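Model the full assembly from the supplied sequences, consistent with the hints where possible.
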Amino acid sequence: MIAVPHELDGAYDPSPARWVREQVELYESSGGTRGTTLWDTGLPVVIVTMRGARSGRIRKIPLMRVEHGGRYAAVASKAGFPRHPVWYFNLKANPRVDLQDGPERRGMIARELDGEERARWWGRAVVAYPPYADYQKNTARVIPVFVLEPEHLPGT
Numbered sequence: 472m473i474a475v476p477h478e479l480d481g482a483y484d485p486s487p488a489r490w491v492r493e494q495v496e497l498y499e500s501s502g503g504t505r506g507t508t509l510w511d512t513g514l515p516v517v518i519v520t521m522r523g524a525r526s527g528r529i530r531k532i533p534l535m536r537v538e539h540g541g542r543y544a545a546v547a548s549k550a551g552f553p554r555h556p557v558w559y560f561n562l563k564a565n566p567r568v569d570l571q572d573g574p575e576r577r578g579m580i581a582r583e584l585d586g587e588e589r590a591r592w593w594g595r596a597v598v599a600y601p602p603y604a605d606y607q608k609n610t611a612r613v614i615p616v617f618v619l620e621p622e623h624l625p626g627t
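Mapping of the sequence shown onto the numbering used here: residues 472 to 627, in sequence order.
Incorrect hints may appear among the rest.
Claimed, not checked - Okay, derived cross-link-like pairs now, DSBU-like style, lysine-lysine, Cα gap no bigger than 30 Å in a straight line:
hint, residue 1, residue 2
1, Lys-549, Lys-563
2, Lys-549, Lys-608
3, Lys-608, Lys-563
To be clear, the hints were calculated from the coordinates, so they are not data collected in a lab. Quick caveat, the model's predicted, so the values are computed rather than measured.
Below you can see the structure in the form of structure tokens.
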């Protein structure tokens with residue numbers, strides 16, 4: 472099976488959050504060689520490009536790098552706030568995304584997890600970024616977890 476990289480086309484709306492805009496810009500402008508960690512933690516991030524649920528415009532966000540077997544988790548933690556991050560609704564409405572992990576870009580499909588599969592990926596996410604455990608303790612909502620899986624060429 473061969474992953475198919477693709478570019479989501481359309482107008483890009485940079486995030487209103489300055490740190491998100493700056494991280495995405497540094498990551499992309501360096502070809503994935505700079506801006507690859509979250510602030511000064513040294514913990515790796517990936518850039519996920521998606522289509523906005525309401526606007527249809529292109530959105531880009533850095534997410535913690537939680538990878539296993541060529542698949543990635545997207546944890547909608549919003550640091551334990553009571554509401555899901557806006558990008559959660561983007562993935563629900565438009566699951567086709569681009570993921571950049573360092574210099575590599577690939578087309579992926581997002582799928583929200585539940586049950587045992589969610590528990591497995593949640594465990595991987597907490598290992599990659601331990602604050603997720605505290606975020607879950609500080610909110611009444613169950614923090615959603617998506618798996619981003621490679622798109623494949625037809626017939627492969």
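For each hint, the structure was consulted:
{"no.": "1", "hint": "Lys-549 - Lys-563", "verdict": "16 Å, holds"}
{"no.": "2", "hint": "Lys-549 - Lys-608", "verdict": "13 Å, holds"}
{"no.": "3", "hint": "Lys-608 - Lys-563", "verdict": "24 Å, holds"}
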